[in-house]
Amino acid sequence: MSEQFEPILVGFTCNWCSYRAADLAGTARVKYPPNIRLVRLMCSGRLDPAFVIKAFAEGADGVLITGCHPGECHYLEQNYKALRRYLLLRRTLEQMGVEPERLKLVWASAAEGVKLAHEISTMVEEVRALGPLDWPRWWNENGFHAVVEEQAQEVTA
Amino acid sequence: MKKQTEIEGKERIGVYVCHCGTNIAGIVDVEDVAAWAEKELGDRGVVITRDYKFMCSSLGQELIEKDIKEQGLTRVVVAACSPHLHEATFRKACENAGLNRYLCELVSIREQVSWVHTDKVAATAKAKAVVAGGVERVIHHEPLEALHVPIHPATMVVGGGIAGIQAAIEIADAGFPVYLVEREPSIGGHMAQFDKTFPTLDCAACILTPKMVTAGTHPNIKIFSYSEVTNVDGYVGNFTVTIRKKARYVNEELCTGCGICQEKCPAKVIDDIYEAGLGYRKGAYIPFPQAVPKFPVIDKANCVFFERGTCKACQKFCPTNAIDFDQEDEYVTVEVGNIILATGYDLFDPRQISQYGYGRLANVFTSMEFERLSNAAGPTNGEIVLRDGVTKPTSVGIIHCVGSRDRNYNNYCSVICCMQSLKFAHLVHERTGATVYNFYIDMRTAYKEYDEFYQRVLEEGTLFVRGKVAEVTDAARLSIEEGKLIIQVEDTLAGVQRRIPVDMVVLSAAMIPRHDAHDVAHLFGISCSANGWFIEKHPKLDPVATMTEGIFIAGCVQGPKDIPSSVAQGAAASARVLGRIQQGEIALEPVRATVDQSICSGCRICNNLCPFNAILFHEDRMVSEINAALCQGCGTCIAACPAGAITGTGFSNEQIFAQIEGLMRVNFQHEKMTELA
Ligand code: FES
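For the record, the sequence lines run as chains A and B. Going by the numbering used here, 134 is the number at position 38 of the first sequence; the sequence numbering is gapless. Going by the numbering used here, 1174 is the number at position 409 of the second sequence; the sequence numbering is gapless.
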């Protein structure tokens, strides 16, 4: 493996548009870096913010949320809800010390395989530039913030 | 956060890695993936792993079935192509072996790995991650039962062109009711405007109008003409569709279609639609003599009475008192089980290519204008003449690929233009004896008897110039060019520039998606390509279905097509619908949300999130409940519930969390993860 940092991205796709865009990128043999791993949801509205936190907590360096274009959600308008959660999540992550650029939202219709591949490639490079997140390092096995707990122990000690 | 992977590995999981010939095995080391899964995922319950050339083949499926029976597998993970392709196949295999079909997970290592990556090592690592994700996820799968919903026997066909008419008649003939909705006053579509059809040259009206009459008189077909769909509710089997019947100011119950109103109407209007701007119609009009239904429409925008408050000539003369100036748009709601969209195409406006001079140079015509010129029932009674209405051309240039196969406009081939241009060449030759030039990029005459037609037109003496026309101009340089249109073109076969003077130019304009294709797609909940063509479920194997259950497409709405293909698609779509109706019910994915009422705090956050109003609130007990019949399984409420009281089958939090853990099990820098662990 090369010396350069290889980030790992988790991508959330919706069953109707962006997952199909990923399929189309495949059938059209469009190339993108292997740094992303996709999870299929029925709709971007299914995206529980906890999924994103979970991905970071498991060691992901970036998370890509994808869904149908506004107005094209298979369930009418659930992607607007995903959009709201995304905006909130970015702020929350920032407060947790995670660069908001590590989370990105992209709309991709079932016909936009090339676009999705392009967005993935761009994001991989962006996250590569940010460097590793290594968030799990911050948590101890009880699920507490390691540094905070250490401090707490010091105080009680 | 409690690790999902801490759950005891008590399942017996089989992992099957497909080579897909060399499609996967060419990039991913499939043997390595299988061996890795056996070794590394053994503690997760993986008891058997196999790799096989074609998992989807009957032998591959038998392998799985045999293992389920002999090894007592309780879960199956197949790493192969996209679940959209073969999920059903492998679920079926599980079911055959007595395992609940939803205890199987298909992960994509073809579309998402081997086809998009080039680095073999990295691709293999990713494939392992994807497999691990699938294994972790499948542990949390539950046995489910498909949901069965009844299919309403009525069908709606939107668009009354040849594809829609064909579909409607087939279904009606099989004995089931059809609502045929058409935006224009009459069904018939573009085909009703044509004179001859290639390659047989039979007259369009002769073959179309009998079908129109059949559709109009069929006891099982109800036509809503001059109408549009405004709303679609529900889902496969049970759609509720609202149709706006635009006011035609004619009482259809009383009208006999005698046409006296049309005769008496003083308002003369250029007919942009049916006559392509070459002819006139009245303010009160029946678009063409064979229209179905035969009721006229009073065009409010061009009616003297609506403009000035007096006239009512039509009303005075109507023998049955059918004119009703007070009529208003009417909204009708119907219940249908399936919908076929056959809304057709628009034509490219050649004004966009200003160097071809359409709209500026009088004797440049569009293909549709030419159709009307050559039509015996058209404005010139079939005389092919110049814009002055009398002069016969002595030379005609026909330009192919106007707005298609052109990076500036549309990349695609518009399919019909070559044959249409050959037909034009033949008609000009036959009716005027003029010299005909066809300017083409490539000659595309696929399909039965098309190339024979090309040979025939060649033999008739039409001159073919291979090259894309640069310009059509009236600026003469030589005396023989005076008063002519000069076509400037590079003849790519001879390798010379040519200037060819002609009297008339016909532009074979591309078929383009309907201007409102995106809105229509949105209304019916299907997707369309960036261009605006509706997307079929599978380009080869499922060309008339869409990703939305119960919505089918036929004809040019899916892409440019000739008449035989449109008819075939109309028939194909109706066959699919009839199959559904015959079965009486359809099995749907059991992806649904449910509220655990013992946890629900009654905060009602979910209530307003549901786009289908499936969540009701029990005021008495202060808890929410989801109506399974209305829930479509998008999962938004699950993600929003602060109490975690809502769970979703098929896509539960546990399943997704576990999948994420699995996906992250393999790292590029393996040390990184081990160090953390
Ligand atoms: S289905 Fe794609 S975002 Fe809702």
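It is possible that part of the hints are untrue.
As the list claims (entries may be wrong) - Some chain A residues judged to face chain B by a derived CB distance under 8 Å, without partners named:
| hint | residue |
| --- | --- |
| 1 | A156 |
| 2 | P166 |
| 3 | P196 |
| 4 | T218 |
Claimed, not checked - Covered by chain A, according to a simulated footprint, are these stretches of chain B (three or more residues, beta-carbon under 8 Å):
| hint | segment |
| --- | --- |
| 5 | 1109-1120 |
| 6 | 1159-1169 |
| 7 | 1228-1239 |
| 8 | 1396-1402 |
Said to hold, decoys possible - A partial selection of chain B residues facing chain A, derived with a Cβ cut-off under 7 Å:
| hint | residue |
| --- | --- |
| 9 | S847 |
| 10 | A887 |
| 11 | A888 |
| 12 | K891 |
| 13 | V914 |
| 14 | T1021 |
| 15 | G1022 |
| 16 | G1024 |
| 17 | L1223 |
| 18 | I1300 |
| 19 | M1429 |
Read the hints as simulated data drawn from the structure, not as lab findings. All C-beta atoms in this analysis are idealised placements derived from N, C-alpha and C, irrespective of residue type, glycine included.
We went through each hint and held it up to the structure:
no.: 1; hint: A156; result: holds (7 Å)
no.: 2; hint: P166; result: violated (11 Å)
no.: 3; hint: P196; result: violated (20 Å)
no.: 4; hint: T218; result: violated (15 Å)
no.: 5; hint: 1109-1120; result: violated (count 0)
no.: 6; hint: 1159-1169; result: violated (count 0)
no.: 7; hint: 1228-1239; result: violated (count 0)
no.: 8; hint: 1396-1402; result: holds (count 5)
no.: 9; hint: S847; result: holds (5 Å)
no.: 10; hint: A887; result: holds (4 Å)
no.: 11; hint: A888; result: holds (6 Å)
no.: 12; hint: K891; result: holds (5 Å)
no.: 13; hint: V914; result: violated (17 Å)
no.: 14; hint: T1021; result: violated (44 Å)
no.: 15; hint: G1022; result: violated (41 Å)
no.: 16; hint: G1024; result: violated (44 Å)
no.: 17; hint: L1223; result: violated (37 Å)
no.: 18; hint: I1300; result: holds (6 Å)
no.: 19; hint: M1429; result: holds (4 Å)
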